[in-house]
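Novice: Guided by the hints, dock chains B, C and D onto chain A, whose structure is given.
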Amino acid sequence: MKIKSLISFLAIAIFAAIIPSFAADKVVKVGVLHSLSGTMAISETSLRDVLLFAFDEINKSGGVLGHKIEPIVVDGASNWPLFAEKAKELLEVHKVPVVFGCWTSVSRKSVLPVFEKNNGLLFYAVQYEGEELSPNIFYTAEAVNQQATPAVDYLLEMGRKKFYLLGSDYVYPQTTNLILLEYLLSKGIPIENIGGGLRKDSKGNVISAGKYVPFGHTDFQQIVAEIKQFAASGDACVINTINGDSNVPFFKEFAASGLTAEECPVVSLSLSEDEFRSLPTKDLVGHLGAWAYFMSLDTPENKKFKENFFEWLKTANVPGIERQNRVTCSPMVLSYSSVYLWKAAVEKAGSFEVDKVRAALESGEITFLGPNGLNTMLKNHHTKKNVYIGETKADGQFKILRQFEQVVPEPFLKGTFLKK
Amino acid sequence: MKREFLLVAEGLTKSFDGFKAIDNINFYLDRGELRTIIGPNGAGKSTFLDLITGRTRPDSGTITYRGNPITRLREYEIYRLGIGRKFQTPSIYAHHTVFENLLLGLKGPRGVFSSIFHRISSSEKNRIAEVLEIIGLTEKAHIPAGLLSHGQKQWLEIGMLLAQEAELLLLDEPAAGMSDEETEKTGNLLLTLAGGHTLIVIEHDMTFIRRLASRVTVLHQGRILCEGSFEHVQNDPRVQEVYLGRKHRAHNQPNS
Amino acid sequence: MSDRLPKVEIFFLLILSAVLIFVIPILNSAVPTDHPFYISNYLVNLLGQYFCLAIVAVSLDFLWGYTGLLSLGQMLFFSLGGYAFGMHLMLMIGRLGQYKSDLPDFMVFLGYNKLPDFWVPFYSFWFAAAAALWVPGLLAFLFGWLAFRSRIRGVYFSILTQALTYAACLLFFRNELSMGGNNGFTDFKFILGKPINSPDTQRALYVASALSLILTYLLLRTLTLTKFGKVQRAIRDSENRVLFSGYAAANYKLFAFTLAAVISGLAGALYVPQVGIINPSQMEPSRSLEAVVWVAVGGRGTLYGPVIGAVGVNALRSWATISLPAYWPILLGSLFILVVLFAPRGIAGFLEFLAGKVLTASRPILPNTQIFTNSSLPKTSSPNPSGQESQKT
Amino acid sequence: MAQLIINSFLKLFSYFAQFNYYFLSHRSLVLSSLLLFVLVFQLYASSDDQLRQSSARSAILKAILAPEEKQPELVEALAQNLHPVLGPILEAWQKGDLFILDLNGKLTPVIRLPDSQLQLVENAQSLPIAQLPENARPLETTGKLRRAMRIILDQLALADPSPEIRENAVLKLGMRQNLQSLPILERLKEQEEHPKVKIAILDAISLINLNSPDTTTKIKALSHFEARAPIFARDSIQKILADSSISPAVRDAANKAMKAIERRIFWTDFFGTVFRGISLGSVLLVVAIGLAITFGLMGIINMAHGEIMIIGGYTVFVVQCLFGTGLALAPFGFSFNLPGLGLDPASNLYQAYFLISLPIAFLISAIVGLILERGIIQFLYQRPLETLLATWGISLILQQLFRLIFGPANIPVTAPAWLTGSYVVEGVIMNYNRIFVIFAAFVILVATWLLLARTPLGLLIRAVIQDRSTAACMGVSTGKVNSLTFAFGSGLAGVAGALLALLGNIGPSTGQTYIVDAFMVVVLGGVGNLAGTVLSALGIGTLDQILQISLRNPVIGKVLVLVGIILFLQWKPSGLFTIRSRSLDEG
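Protein chains in written order, with our numbering: chain A, 1 to 420; chain B, 1 to 256; chain C, 1 to 393; chain D, 1 to 587.
In isolation and in its complexed conformation, chain A is listed as follows (with noise of 0.2 angstroms):
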């Protein structure tokens, strides 16, 4: 009888705690689903504030077709099957039109089905490595071509001709990876020029090239040791897809060696000036990165975008929110887009309705002229945009060293370049 009634009981609660509460008239709600706890919450935290801002900055300004947005915040806890849960909490029972979320590639391909069965519409912000199209997920970050193959560029004007591949083991770092040795070769690198190793299966067909740490390794020592030898016979790079964590004693090891910038410069596709909040930049002073966006960029739109941002963290009512010493970088300015670009599409489409919206967003007349420059949505769910390589400077900014314009994005990459 005891458990009956407890299970009665829990039941209860579960519904009181969904059932949404009383809304008043002209609201729309907008569903937020990223990590607050758990390995994740380092990154994903900030993009819930950028989110946040962004609608008040809307609602402020009247609000998406005369609606107010009400976000819906859930915290995913670095737990998959979670965000899966919750994805369908979002679309099932709070029904919301749209959903800003999800950081790691496997959180996004957890939600995914979810988004498909229901008709849900996912913006997701952070770079990711491509190979995945999904007609209810509009992806507002950097593909692979416009964040890896442009830092490559870069680095072979620079006269670089060895590149060590370092990274965490999962499935971005790898597939970037794959993609950047057959960009490579196409650039007529020799493959023994190419560091960190190659694995082959049986037929000879390389299943996965560089060097891998397992999450939240420590102990970067032989590495660094490796990246010497490689280094020792000059003109040599580090292309870095290590996650979060492990870049400080990775840095911190590779900077005591007496490896320096100059020599074996490093470039990070995963840190971004939020991260940097977290590094000794001592250590990373004059090592590049290659992003969509850089708070250092100098441009009318950033400026506001900035001074805005900040005023608004002073005073939002956020529970455990950060107020000082905050900064912004492209997954946040791109999260902050992404809003944008929705707004756009649900004012052209004249509804929420997300088959609408979607047809607007595939028109490729949606664009946002947001803080990092002109972003346009294209028909293949990606936004078009400029690319920027920066070096990194004792203060956690990037100073621009380039810009390629308007990059236009290539989800499907492996296996193109070789082919020309």
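Keep in mind that the hints were calculated from the coordinates and are not lab data.
Every value quoted in this text rests on a predicted model; they were computed, and no experiment measured them.
Be aware that a few hints might be false.
As the list claims (entries may be wrong) - Below 30 angstroms or equal to it, Euclidean Cα-Cα: the simulated DSS-like pairs (lysine-lysine) are:
1) C:7 with A:414
2) A:187 with D:144
3) A:314 with A:29
4) A:162 with D:95
5) D:95 with A:282
6) A:384 with A:304
7) A:161 with D:220
Said to hold, decoys possible - Covered stretches of chain B (chain C as the covering partner; in silico rule of three or more C-beta atoms under 8 angstroms from a C-beta of chain C):
8) 78-88
9) 100-112
10) 115-124
Stated by the list, open to error - Only part of the chain D face toward chain C is listed, based on derived beta-carbon distances under 7 angstroms:
11) 386
12) 390
13) 559
Beta carbons: idealized from backbone N, C-alpha and C, even for Gly.
Specialist: Same frame as chain A, now just chains B, C and D:
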């Protein structure tokens, strides 16, 4: 003619980190005998029982039981040959009832699957009732064993050996921590068992040992110091020096 | 001597089965969505997931509460079951993936031109379903055989199971394993020819989970009532005594460990189609620790406690991650501490305490509720001289 | 005569000031030797230097003001007017620090120096204005232009006053293996005085000669490398070996040289692995030693060990901020500022912050440990497996508290200057911070051993650990001793966290990374045994490094270590060192 012994240990040696707990012991036990082992703390008494029951493996030497070597067998295999052991501190299943404790001790198949499909039979019930009678716990059959008094737990443990119908019983300080009355009862119990079973008893309580009136083996520093009747041993000057002179202290430290 | 299920328990189980297996699906499918008794698809799916986790909790309790073996790697077996069944689901996607190939997407991407041999049998539903049971079972058997043979017990056993799941987790992250690397398996389309995300399929999976939970409960409950159960608890309380009573304790433990792994594998296989993803993060040590917490909160040593714990803690999490995003780890952490300090026998212990007040106690409760005896401790309180010597070194 | 000396010194200083930027830009902080001063003096104090300098400046001005498509050509032409003043200008251009300002109607190129000062390209005069005009845009560069700049900069580096830069430049030139560079190198060989650079020049000449069509020259170069065995020559020799058309004599020489290099790499790897193994082992030891006390000795399955460790890391961060510019925190929505001492980062006192923070980290972690023990753990000594649950709860709470107080991001801890850099002996890199951790591990170990074995408190701790009730009967206040022991173990964990801040990152969930490793070390060593902990930490560390270098794969290496530990425990179920016990239920 060589005599047929029940238990023979020859050249038995065991050392822990260089400390020789058992040093070249030769030990012979007759069928049906009641043997008492005494010795001061650290003499190696419990280690000796450990070696017989397979809890520790000797560094060298052999142990045979009914002529079969048992040195390399595991505890449960040795037990199944009919060697039962009662530990120094009562070792019973506190969360099981007294009845269940005895049920687990009963002779019978010990495999995983036979235990899954086991149904208690009336003969098993009778046997348990019998043992309960012997150890005087009939009235407490259905309370958790953890609730028994210290002495009752000791008896229950002996009862479990009886249920198993072990031939050789190794009893490590069966009277430790008992009141005088309980000690008396325990002594009687052991005496009734002797004959039908073979017993090795480790004890410190000299009155108790005298009562058992058995053959006594004195262990000292891992060796057999002397062996013989209680009087013989008592009068041995070496024993007086190493053991009886320190009897009082030894008695106060039950953890030998 | 309660060798049979008490009548009241059977009665209660029947009612519960009726509610879970008949009433809830009917309320979900046959009641109009705006009716107050309507149960949404989301809730049905959520309950199905909770029940799978509850199965793990029950199997873990069978090990921990009854055999004294605290496995800190139970979710490894759950994941293996999930992976085995997930392989089948991946193959059932057919040509509906990103690359429109017969191979799963990640294989196309990695340049495979044919399915690895060990994948081929997983085209068969029944092979995959069986593998979800025997693969975890086999691993548990091998690991258990090694561990119990050499008398690894207590904390050592726990830490080793943790190391095992950690090692497996690292291994499954690798693409070389041909198991999808970090992303694992996702985007399933069909199960037994039915679209996997349709409400009907999900309802069927829910019923399967509920049924499995009830059957698991019945099976394990019956086992604990047999002589096997008595030996099992005897091992928990005093393993050496069991050995000196002629039982090969290692075999008993091996049986319990393997059985628990098989059951966890079943739970994993049911969980994956409902949640839609399986990847190595399920093997992270913290996931298995969570399972231990469900058992502890629900009350170990009773098989229904873990069910309450698993469903309750997960429901709490579902609620808190949306209502108290920044504070829920603190809430959860405090709950564990409070339970350990003030309700060592968990919710079940509390319920029994209440029941004991109302009814006459059906079974006596020992004044000392300590379930863990020294056998599960590291050997610290050794009163012996050689111990002192080695400490000085 | 005196006049001449004074004059030369004045000149010298002006040049030195001019090169200052160049020095910094190459991050070369090596002190110039007296020899170097003489060299600089000889090279640049010549009478026609003024003239050459101004012609170089006008040439680059021309290039800067030229239309974009002409720039690369003009920059390449700078080779005829090589002069050190070009270096800073080209680098500024490359990095976007070159601007063209409209000064009184005249287009004037200026460069921005690292200290934000503006300098005219024309004559190196500082501009009086402090800030760039709003509309100033840096002069763009193209890939082609940057390549041209690189060539000029490389040539400039050959005459750089710093021997290190010269050495690198020479080697770089050699690495290009262009036969036309040989005359330049031969000339440099004559002029060069610095022994290291001389060797580098010889290496570079040999590198180029590897490309020589003449077999004898080739073989001579190869035998040079056989004797020197430098790792940087490996790629070039490999290329020779890959060529099937070479003569047997060349092949033989190349093989010999390759063997010599491989031998060197082997020994470098060997000693490197030994050092790295010890280093990783000492990290593991530092991480595990606190746990060896709280778990190993006291039997508390302390899942919050990692978080208590991280408290130490946060302590270092706070101390670092307080020594510097202060710290602003915003826990639970309240913001407050902790003022800093504002010490100069170069001062000795500031540099000592790390040493000072170690005892503070110990104290704070110990206090947290004390609170946890008194508040929660003390009720659980009879139920050790439940300490696992409670401490896991504690760990969840602590993690989220870190997040709420310090933010979700990791915190940056900058190692003091005296701990950055490395000894390099024959290619084996030994970082100062790692050497420091090895040393610290040793100190912690000795201190712990002394405390446990040689102090009255240690005696009490051992007594309580071995038999709580007996100790209590003997009048020992077991509660107090437990608290102190747990606090001590927690304090050690805090020191570990402080040391980890030198090597890795500190963040809310960092503790989780170490927890499995820490338990493995303690269990493998044998619970309750410090010597075992030491041995197993060093053993795991070395094994891990050996596997990493032989498998070239950290993940599989780690998996194998874990499997190895599992199998090892089959053989020795209670770890390397066992404490035997004779009471029944502790086997």
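Novice: Against each hint, give a clear statement of whether it holds in the structure.
Specialist: Each hint tested on the structure:
no.: 1; hint: C:7 with A:414; result: violated (65 angstroms)
no.: 2; hint: A:187 with D:144; result: holds (16 angstroms)
no.: 3; hint: A:314 with A:29; result: holds (25 angstroms)
no.: 4; hint: A:162 with D:95; result: holds (22 angstroms)
no.: 5; hint: D:95 with A:282; result: holds (18 angstroms)
no.: 6; hint: A:384 with A:304; result: holds (22 angstroms)
no.: 7; hint: A:161 with D:220; result: holds (27 angstroms)
no.: 8; hint: 78-88; result: holds (count 5)
no.: 9; hint: 100-112; result: holds (count 7)
no.: 10; hint: 115-124; result: holds (count 5)
no.: 11; hint: 386; result: holds (5 angstroms)
no.: 12; hint: 390; result: holds (4 angstroms)
no.: 13; hint: 559; result: holds (5 angstroms)
Consistency note: the structure conflicts with earlier hint 1 alone.
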